[in-house]
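Since chain A is already given, all that's left is putting chain B on it; use the hints.
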Amino acid sequence: DGGITQSPKYLFRKEGQNVTLSCEQNLNHDAMYWYRQDPGQGLRLIYYSQIVNDFQKGDIAEGYSVSREKKESFPLTVTSAQKNPTAFYLCASTGYTEKLFFGSGTQLSVL
Amino acid sequence: SQKIEQNSEALNIQEGKTATLTCNYTNYSPAYLQWYRQDPGRGPVFLLLIRENEKEKRKERLKVTFDTTLKQSLFHITASQPADSATYLCALVDSGYALNFGKGTSLLVTP
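Protein sequence lines, in the order shown, are assigned to chains A and B.
Just remember that the numbering used here sits 32 ahead of the position in the first sequence, which is counted from 1.
Just remember that the numbering used here sits 28 ahead of the position in the second sequence, which is counted from 1.
With the rest of the complex left out, here is chain A:
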């Protein structure tokens, strides 16, 4: 089945620790996105990538980093500089149809 796979579903971070959220897609989409969602809030854009080896900061990039070495993969690292990382993280991709396809999300919590 084609789609976007995010892992893990739940993740716990200790203070001062970097953690990496995985996002893989087999839809052959060029563009990929990372959003953060806090309870009762909308989606806020962290980073996006229109093409391999290129990415742009979104509205809330501070404390996060990404890489796009392969078309299928767009991992997000939540660094220790992100002081309030607890949130639901969503990865998405799009091809030429403009609509976004989302993964099932990763819930990150701080221990």
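Hint data in this document are derived by calculation from the structure and do not stem from the laboratory.
Please read all numbers here as calculations on a predicted model, not as lab measurements.
Hints should not be assumed to be uniformly reliable.
[Claimed, not checked] Keeping only pairs whose Cα atoms sit at most 30 Å apart, straight-line, the calculated BS3-like set for lysine-lysine is:
hint : chain 1 : residue 1 : chain 2 : residue 2
1    : B       : K99       : A       : K89
2    : A       : K131      : B       : K87
3    : A       : K115      : B       : K31
4    : A       : K131      : B       : K45
5    : A       : K115      : A       : K89
6    : A       : K131      : B       : K31
7    : A       : K131      : B       : K91
8    : A       : K41       : B       : K131
9    : B       : K31       : A       : K89
10   : B       : K85       : A       : K131
11   : B       : K83       : A       : K131
12   : B       : K31       : B       : K87
13   : A       : K131      : B       : K131
14   : B       : K131      : A       : K115
15   : A       : K89       : B       : K131
16   : B       : K99       : A       : K131
[What the hints assert, rightly or not] If the Cβ cut is set under 10 Å, some of the chain A residues that face chain B in the computed set are:
hint : residue
17   : Q69
18   : G137
19   : Q139
A virtual CB, placed ideally from N, CA and C, is assigned to each residue, including glycine.
Relative to chain A, chain B alone:
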């Protein structure tokens, strides 16, 4: 600054009635507007896309209007069912080609 505004208050309606959700925006010149559905703990799912030269679009029980003069989109669900209960998100593309989302409106359809 760019804003996408959706009713923050939940909308409660009775089964069989028509639900109408509103999306207003400022400082966007969107070529198109999208609506997504999000269930708790899940990623959003694409519903409809309407372009700037389209006044109205329909898909089964869903209808979307787009008024670029008023800078508003209305999203209608006719003959609503309890299974329609979810949060509905409006989204617009910015100048960097990234999709920005409103905070969403929660819809509850009661039998």
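Verification of the hints:
1. B:K99 with A:K89: 27 Å, holds
2. A:K131 with B:K87: 15 Å, holds
3. A:K115 with B:K31: It holds: about 26 Å lies between the C-alpha atoms, which stays within 30 Å.
4. A:K131 with B:K45: 28 Å, holds
5. A:K115 with A:K89: Status holds; Cα separation ~18 Å.
6. A:K131 with B:K31: Cα-Cα ~20 Å, so holds.
7. A:K131 with B:K91: 17 Å, holds
8. A:K41 with B:K131: Satisfied, since the Cα-Cα distance of roughly 23 Å is no more than 30 Å.
9. B:K31 with A:K89: 18 Å, holds
10. B:K85 with A:K131: Holds: K85 (chain B) and K131 (chain A) sit about 15 Å apart, inside 30 Å.
11. B:K83 with A:K131: Measuring from Cα to Cα gives roughly 19 Å; hence the hint holds.
12. B:K31 with B:K87: 27 Å, holds
13. A:K131 with B:K131: 18 Å, holds
14. B:K131 with A:K115: 23 Å, holds
15. A:K89 with B:K131: 20 Å, holds
16. B:K99 with A:K131: 21 Å, holds
17. Q69: 9 Å, holds
18. G137: 5 Å, holds
19. Q139: 8 Å, holds
Of the numbered hints listed earlier, not one is contradicted by the structure.
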